[in-house]
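Chains as they are written, first to last, in the working numbering: chain A, 1 to 218; chain B, 1 to 246.
In case anyone wonders, no lab produced these hints; they're calculated from the structure. Predicted, not measured: the structure shown is a model, and the values here were computed from it. Take these hints with a grain of salt, some might be off.
DSSO-like, lysine-lysine: derived pairs with alpha carbons at most 27 Å apart [to be verified]:
hint, chain 1, residue 1, chain 2, residue 2
1, A, K117, A, K159
2, A, K132, B, K239
3, B, K32, A, K117
4, A, K132, B, K75
Anything over 12 Å on all C-beta distances counts as not near chain B; from chain A, calculated [what the hints assert, rightly or not]:
hint, residue
5, D2
6, W5
7, P13
8, L23
9, A31
10, L51
11, G110
12, L119
13, E121
14, F143
15, G170
16, L201
17, T203
18, E212
19, I217
Glycine included, each C-beta is placed from N, C-alpha and C at the ideal position.
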Amino acid sequence: MDFEWSVIWGSLPNLLMGARLTLVIAFFGLAGGLTLGAVTGMVRTYGHPILDYIARGYILLIRGTPLVVQVMFIYFALPIIAGMRIDGVTAAILSIVINSGAYVAEIVRGALLSIPKGLGEAGLAMGLPFRKVLFRIIGPLAFRRMIPALGNQCITSLKDTSLFIVIGVGELTRQGQEVMASNYRAVEIWTAVAVIYLIILSTMAYGLKFIEKRMPIL
Amino acid sequence: MSPKLQMVEFRQVVKSFGPLVVLDKVDLTITKGEVVVIIGPSGSGKSTLLRCINALETIQDGDILVDGRSVRGTKDDIHQIRLEAGMVFQQFNLFPQMTALENVMFGPLHSRGMDKKAARELALALLAKVGLQDKANHAPSQLSGGQQQRVAIARALAIKPALMLFDEPTSALDPELRHEVLKVMRDLAAENMTMVVVTHEIEFARQVGSRLIFMEGGYIVHDGNPVELLSNPPSSRLKDFLQHVH
C-alpha cells in the first residue's frame, strides 16, 4: 500500500478543529473535576458523616459505571427527566467533571491522610483554626504528593474525551472518523489522529514533569 | 496560694480513648514560673496529660483551666489557651516546605496577626536565641535533629506564650545532640518561663526541674521536689522505674 501524505494535509484543518474541541472539553472538564474532587476529597477526609456518606455514594456511582454510560445518561436520559435539552459539548464537559471528580476525590483524600498528623497538630497548637491549618500547612504539602496521580488523571480524562464520539461531539476522534468515512484512507487518518493525541499528551507530560520538579515531594 | 499565680489547674480530669481510661480523675495545679518535669513508663498518661493542657486532646470529664480559661470553653477560649501555651513535639514537626525562618514567622503571622516585618525581626531574634541565626534560610531537611528541635522551640516561643509544653523533646535525638536542646530549655527555665516537660532525662529533672511528677496507669503517683524524689524514691515503683531509665 502507498502512504498518501496529501490525504493528511487535506484533512488537517478538520482534525485540528477536532483537536481544539478535545482540548476545550478536557480543559473545562478537568477544571471542574479538580474542583469537585478537591471538595469531595476534603469532605471524605474531614467532613460530617452525612456529607461523607453522600460523597461515598457519588464515588461509588461514578466508579461503578462506565464513562460512556454516564455521558449517554447525561445527553439522552437527563433531558427526559429534567425536561431540558443539553448540547453535546456541555454534556461532554459535564461528564468529564463528574467522572474525573470522583477519581480526584480519592487522590485528594489519600494525599491528605498521608501528611504526618504532627504537622497539623503543630499548627493547631499555635492557635490556628483548622481551616488555616488545612490551607496553609497540610494542603500545600498534600498537593505535592498528589501531582503524579493528578497527572495520571488528567491524561486519562483527556483521552476519555474520544469516547464522546458516541454522542456526536466533533472532537478529534470523531473528526477522524468523519474524514475517513468520506475518503476511506484509514491508515493515513488514524495515523494522523494518533500523532496529534501523542503531541498533546506528551506536552502535558512534559508540563507535569516541570511542575513536579518545581514542587518536589517533601 | 493566690489564684493569680495559677497557670494550669486540672480538676478531676478524666481522659479516655474508647474503653481505655488514660487519665483517671487527675488533680494538678501548676503555678507561674514552675518547671514541672513529668516522668513515668510509656502508657502512663504523661503525654496525654500534656496534650490535654492545650486541648489537642479533648477530655471526657472534669475541667482544665489555663490562665483561667477552660479547655472545654468556646472556640475563642481554646484559641487563647493555645496562644498562651507553646508546644514542642518529640518529632519536631517543622513544616518541611518552609525555611527555618518561615517556620518561626508562621505563628506570629497567621495566629497573632503580626505584620511581616515585625514577625521577621522577632523570628530572627528567636533563632539567635537558640543559636541558629546562621541557619535562618535552611530548610528543615538541611538541619540536624538537634537543630530542628531548637528551631521548633523558637517557633513555639514566637507566639509569645506564657507557658511552654515539651513532649519528650529529646527522645528522637541522638545522645550527642540532646545537650544542645537541653541547654536551650535550661536557659528558658532560667528566664522564669513556666514549663511542663514530659521526658526521660532524669538529670534535667534533677538540675532544672522545680517539681517532679511520677505518673503510672493514669494516676499521679508522686509529686514533689525532684532532688528528694530522685535521691530517695518513696516507692519501689519509682525506684524500679529509675533503674530502668538509667
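Evaluation of the provided hints:
1. A/K117 / A/K159: 37 Å, violated
2. A/K132 / B/K239: 46 Å, violated
3. B/K32 / A/K117: 30 Å, violated
4. A/K132 / B/K75: Given pair A/K132, B/K75 holds - Cα atoms ~14 Å apart, limit 27 Å.
5. D2: 58 Å, holds
6. W5: 51 Å, holds
7. P13: Per Cβ check, A/P13 is outside 12 Å of chain B; nearest 47 Å; holds.
8. L23: 32 Å, holds
9. A31: The assertion about A/A31 holds, with a minimum of 25 Å to chain B.
10. L51: With a cut-off of 12 Å, A/L51 remains clear of chain B, as the shortest Cβ separation is near 21 Å.
11. G110: Check passes; 18 Å lies beyond 12 Å.
12. L119: Not fine: 5 Å to the nearest Cβ puts A/L119 too close to chain B.
13. E121: 6 Å, violated
14. F143: About 10 Å separates A/F143 from the closest Cβ of chain B, which leaves it inside 12 Å; violated.
15. G170: 44 Å, holds
16. L201: Given a closest Cβ separation of 29 Å, the condition holds.
17. T203: Holds: least Cβ distance 28 Å, greater than 12 Å.
18. E212: 14 Å, holds
19. I217: Violated, because the least Cβ-Cβ distance between A/I217 and chain B comes to about 10 Å, which does not exceed 12 Å.
The structure does not agree with the numbered hints 1, 2, 3, 12, 13, 14, 19 stated previously, though it agrees with the rest.
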